[in-house]
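Participant: What follows is the residue order along each chain.
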Amino acid sequence: MEKTAKKSINLSKILADLWSAVKGFLPKLWTGIKTTVKRMGYVFYILVHPFDGFYDLKNDPKRRSVAGGVAWLVIYALVDLVRFQNLGYLFSDRGAQLALNVPVRLMTAVLPFILWAVANWCFSSLMDGDGKLSDVFMATAYATVPITICNLIQIPLSHFLSSSEGSIFTFIGSIGMIWGYLYIFLSMIIVHQYSVGKGLGTAVLTIIGMAIIAFVAILIFFLVQQVSGFFVEIGTEIIFRLSE
Amino acid sequence: MKQKFTKSLIVMVLAFVVAFGSVLSASALPINNVNNAYFYNVDGIDAAAPISFTVEKQLSVTDIVAKAASNTVFVPEDLFYRNGYLYILDSRSSAVYVLDEQYQLVSTIRLLTGDIPALELSDASQGGAEGEEEGEEGGLLGGTSKNQYALQSPQGIFVTEDGTIYIADTGNQRIVACDINGKVSKVIQGIKFPIVGEDFAFCPTRLVVDSVNDIQVICQGINRGVIQITSEGKFNAFFGTPNVIPSLGDRIWRNFATEKQLAQMITYTPTEYSSITIDDRGFIYTTIAMLDEDSVKGLAGKSTATNHAPVRKLSADGTDMLRRNGLASPMGDIVWPQILDYAPKIVDIAVDNESGRYVILDQTTGRFSTYDTTGNLLYICGGTGSSVGTFKRANALEINGDLVYVADKENNTITVFKATAYTLAVNAAAEATSSGHWNESLKLWQNVLSYNSNMYIANMCMGEAEMQLALDLIGDQTDADGLTSWDHYERAMFYYNRCNEKENYSTAYMAIRTHELEKYFGLIFGSIGVLVVGYFVLKFVRNYKKRKKEKAEKLAAALARQEAAAKKYHQMKGDEE
Chain A
1 MEKTAKKSIN
11 LSKILADLWS
21 AVKGFLPKLW
31 TGIKTTVKRM
41 GYVFYILVHP
51 FDGFYDLKND
61 PKRRSVAGGV
71 AWLVIYALVD
81 LVRFQNLGYL
91 FSDRGAQLAL
101 NVPVRLMTAV
111 LPFILWAVAN
121 WCFSSLMDGD
131 GKLSDVFMAT
141 AYATVPITIC
151 NLIQIPLSHF
161 LSSSEGSIFT
171 FIGSIGMIWG
181 YLYIFLSMII
191 VHQYSVGKGL
201 GTAVLTIIGM
211 AIIAFVAILI
221 FFLVQQVSGF
231 FVEIGTEIIF
241 RLSE
Chain D
245 MKQKFTKSLI
255 VMVLAFVVAF
265 GSVLSASALP
275 INNVNNAYFY
285 NVDGIDAAAP
295 ISFTVEKQLS
305 VTDIVAKAAS
315 NTVFVPEDLF
325 YRNGYLYILD
335 SRSSAVYVLD
345 EQYQLVSTIR
355 LLTGDIPALE
365 LSDASQGGAE
375 GEEEGEEGGL
385 LGGTSKNQYA
395 LQSPQGIFVT
405 EDGTIYIADT
415 GNQRIVACDI
425 NGKVSKVIQG
435 IKFPIVGEDF
445 AFCPTRLVVD
455 SVNDIQVICQ
465 GINRGVIQIT
475 SEGKFNAFFG
485 TPNVIPSLGD
495 RIWRNFATEK
505 QLAQMITYTP
515 TEYSSITIDD
525 RGFIYTTIAM
535 LDEDSVKGLA
545 GKSTATNHAP
555 VRKLSADGTD
565 MLRRNGLASP
575 MGDIVWPQIL
585 DYAPKIVDIA
595 VDNESGRYVI
605 LDQTTGRFST
615 YDTTGNLLYI
625 CGGTGSSVGT
635 FKRANALEIN
645 GDLVYVADKE
655 NNTITVFKAT
665 AYTLAVNAAA
675 EATSSGHWNE
685 SLKLWQNVLS
695 YNSNMYIANM
705 CMGEAEMQLA
715 LDLIGDQTDA
725 DGLTSWDHYE
735 RAMFYYNRCN
745 EKENYSTAYM
755 AIRTHELEKY
765 FGLIFGSIGV
775 LVVGYFVLKF
785 VRNYKKRKKE
795 KAEKLAAALA
805 RQEAAAKKYH
815 QMKGDEE
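If you read the protein sequences in the order shown, they are chains A and D. For the first sequence, the working numbering assigns the number 1 to the initial residue and increments by one for each residue that follows. For the second sequence, the working numbering assigns the number 245 to the initial residue and increments by one for each residue that follows.
Only chain D is shown next, with the shape it has when bound in the complex (with noise of 0.2 Å):
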């Protein structure tokens, strides 16, 4: 009987325990699927890290246009946010949608209005065969009437702040500005470059403009960089252009290669621009999707290199001011293979106006970066799948404050991802960093360390921080906390010791290092002379003794011969007697 009630109390709480560890386990599972967070650290060596973003909503063609028939495809190209609406570029049904805050259908731009010339399409385009049919009516649909036109396969768009919308409309050739209901203020077309040929076709896919109004392009089949054209419709100059180095072994055996050997050689040509985004101050950010063999080999890896970075930041002549501080150039993740198959394909940045940090997506993985403005890499988020916050084949994001938004070509789906606490955490004391207010930096990358503490990002501007309050005392003066600038100095060492950043390091060293010698200055040079002082008095001292030894031993040695003298000539005396 006693054995039967033990065995099921031992069974009992065995259950119990099972049930409770369950409950445990199950509510300690991320709630979406953007799982598996990750972070590099100091090393470049991945880690577990808090998850960075959550999706807050996936938006399906269902879910923005209501009465969709259920065979409806939606091919989302390309996203932009401005001044509170979404605008979303499909380039299926040849559509722009704009969607508010609350992701509700506030406009459907399908068919223009107003006044667009005719023009002959090239056949060299994309989308050459289709555009043959309506060539000679310049896109016109059938049915509708004269000044009614359709959008075909539009790639880019882009709204500026007076809420005019720029579309590229690439499959009919041309650039076409209009407002919300579709009514056309400006069309772009019949661009013709001076270097690339007369009969070479002029298909946009991405566009930016600046506050002059000034539009720049990427083209198809144009690898010279960005197209500038101006407000008035014409081609300005080509800027920007990716410089190509050839390796110092290829560039030898060229000079030695004969013609037909020359003509087998891979040929170094410059790749094209795969997105172009603006940030207020007017620097453009362009990023390259299709790496080749050369550039993969020099980016593989935890890799600085600028020659074949596929992010660049240019100003307005066309030199690439990016920062690139953090252990490899942006290029979304640090390490991987060095084979083209895996190779980062960035299709699509976005910049956040008001801190500077910027967002870049990698087909390849389907991740999505932040970098902060100094090159730093702060969070990683997203992946390869069709599960809720994955991607298949993601094609362009859009930042807007806290929460970003991407668009899935193959998924057909736009997700919303709203940053976590650790996100707002990172960016907040990022933000203190590069505003310089560094005393409160210190406490928020103290709190972003609790949650992660293999951000060395972290411990790097804690260092700086600290190096910073250092130089802004002198002498014995102390800060608020009763700190003087050495204290400061020796922290900064612990912090850059922790993320090993050396040279920096060195630079705090040198710093309490003079300090100290300064201190001990006169006890050190003073001791030195002290020694040496000592050494001569010691040295004189034994000759001394010496020569007083010696003079006593001859003194006692003419005496003796004296005395011995002496005693032979009493001696001698006496036997004389």
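Only chain A is shown next, with the shape it has when bound in the complex (with noise of 0.2 Å):
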């Protein structure tokens, strides 16, 4: 009796800490949503004065956000599958659509960026850019605004479109990608304090980058794969042998 009482008192005493130690990140948690949300809203700055607000967003310590970064890009993958799935009938394309897979559709739309920022990280090192990896990641995010825009902007459009129409849908769209590369590649000279030169160069040598790092991650993933599947195949082979 003794021993299970004094049991239950030591666990109602951990879920009491733990209560606690909740409680004091509860309002710190709050106040981080708080300021990351008011700091997201700089992007409608940087979107009309690019120059400044990258500059900005990169030394200035209150409008620098990470957290806000990561919000952005969740938030372009969000509306990508909702652009996805929700355009009118003309534009949209029924077979992809009813063999929709939500997480490798998500994961297509966010992988390109964060693959960029990876290997533009890597070759600024090399060609003594300024930016962090945090930095670049944090302005590539930033930089996908436009594009998240104009998609949301097709949504409602295409519901009211005919198909020789069509001309302005895909208008509205290249805007959005044109605006989006193109800041992305002034975010990228901006945090690294490049020339514009030096900048084309970096990127061309980042896409051969990305390019790279997706083979030999696909190599990787394969030859992993291989090797567990001959430990699998032993191991089905033993079972086989041991049961017969």
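Derived by calculation from the structure, the hints in this document are not laboratory data. All clues stand as given, with none of them false.
Distance ranges between label pairs, derived from CB positions:
id, chain 1, residue 1, chain 2, residue 2, range
1, D, Leu-782, A, Arg-94, 46 to 52 Å
2, A, Arg-94, D, Leu-761, 22 to 28 Å
3, D, Pro-581, A, Val-232, 28 to 34 Å
4, A, Ser-164, D, Glu-684, 27 to 33 Å
5, A, Arg-105, D, Gly-465, 54 to 60 Å
6, A, Lys-132, D, Met-754, 50 to 56 Å
7, D, Asn-467, A, Val-224, 52 to 58 Å
8, A, Arg-94, D, Tyr-695, 20 to 26 Å
9, A, His-49, D, Pro-581, 55 to 61 Å
10, D, Ala-291, A, Val-48, 50 to 56 Å
11, A, Arg-105, D, Met-754, 27 to 33 Å
12, A, Gly-166, D, Ser-697, 26 to 32 Å
Here are some chain D residues the structure puts well away from chain A; computed CB gaps all over 10 Å:
id, residue
13, Gly-627
14, Gly-680
15, Trp-682
16, Asp-731
17, Lys-790
Built from N, CA and C at the ideal position, the CB exists for glycine as well.
Hints given; two lone chains; assemble the complex.
Facilitator: Here you go:
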């Protein structure tokens, strides 16, 4: 009896400790979310003043927010998914919609930007760029916002347009693309304090780097799959022999 | 005791269920071997479909020739149907069998009588070795009288409206026209082609005769298209040459290649036609059996490519008039692996003159596919094998209303297929659509959908019918069913959505959108106007209030200042006093 009582006391004590820790953490989390949301709004200044905006985003500690970057990238992926599923009939690919795989779709939306940030950081450290990985990532994530906005505009528009007016639809889509990719390039130049020529060179190198990273990742994936497959096969063989 | 009873009861019930189930499943089995029926859905994926044809009869040599010896080999090379008679060309025994509607033998043409001038046969022909033995006598059979002649491995037959039988006597390098008793009325031989060369043998394989008795022939080894021969037996022209378009990469590469490299490259030569037929309006349908690698690449997998198309409909000047509105250009199956061995080998084509439907026969899969006039695939039947309703080497087919005859060279049979109720429903609906009976076609296609809900052509044609019905109405006019044109457009959108026809869907949507905009034009622009006016009014009111307030404040300030000055003045005065 005593032992169980002791145990139950311990458990409640642990729970109480946990609760107090959570209680202490919750307000902190709340203030963190509040400041992040506030700082995310800075992107609308960046949209119209990219040079000042990206410079301050990196250097002003009051405006810098990696969590904000993560949030904008997550929003980009979600909007991409919503757009894919909710376009009007004339502009959607019904076959692809039926074969939708949500995690894969989200990953493929986000992965290129993460790959860009990593590859760009790798090359910029060789080409004496000023930016840290977090800087490059944050700037890239903020630069995806034009694409997100244009994707959002496309959703209601696709329900009102006929296919002969489809050029309006594609026009808005391509504006978003050009605007977004241009800002990714500008943010990279500003973060690393590059000239335009050097920035262009780094961009080309970064794209090559992205391809190399993807290639190595696939290679490792298949190698691991082969090795694990080999051991699994040995296991099944042993089980088969033993059960014989 | 009780337990035993329940046990036996359970066993009895189980036995009953099994027996009943087996009876049910047995009755559910198809009655003939034309099973595994399928059709394509709107995405070009094959899905189960109702059976389109059942085997009515399979004719072997003993069914055709009653007293045939058991070792008689019968190789049906070509078929022709005209005015109640089915003509079968047997290339092994070199004879023509004529059957009536009950498949009873009416006549056998084995020996031709009449005057056929002798001809020195060319060695280049396929039947050259055999031809040489009899060459001097021009195919004269030994032992028979001087004006009796035998056919030699003939490959094509055509019968005109007046009953004249034209036979492509391939082994004897000539075309003979005769009547049903074998009496020769015309012989065409010794044709020389100006381009191909003098020593080229004239080996006709398939032929048609048009309304002015000009003969269109396909020849062995001639890849310049169809040969036109006048009714007098003179060479007129080649026409409908299959065009060859090398790929862009090859065309660029050829500019840089040396002559030695060019010699090693594949030469792009047009392919030969395999079969030919004519409809009653004079259009000539041709098929290509031997596709080259380039064509296979261009055609495999839901392709609407026209430059490699194995089926062509040639007008009088040789241009391809075939409409290809379907998921893929007419070539039998829509999807097949991009390998030469699996490529369709279209060996024959037959046209139904009344409706314009045509059937093509694919030797690779042993299937025959029916198309409507716009190039939509309607149904598929057949298969490979030696059981009833399947083929090993299907070689020719002929259409007669609801019946389709298919000749198989390796099974040595002729199979008679009869259209099922489903096929008749599709035909009736397709005919209603092509003749513009829109209201009727809606009902008929609905009937087709009740058989096969995957039949996307039904939705397509219903959408078209609704569009046409909508066009007949003006403004808010209603038709007999009390529907306005907008209702019809809405229905058309529904059907076009079902069959994934985006262009037509968009047209119907635009009509509806324009109407809605017109309807709510006043409301939309009125509300915009109200908003604009309201904004300015509000702004003015606010400014007015602001100014009023400012004025009041200024006034109050001035008053206060005055008061303060007065106070000060009084104070000063008081001080002085």
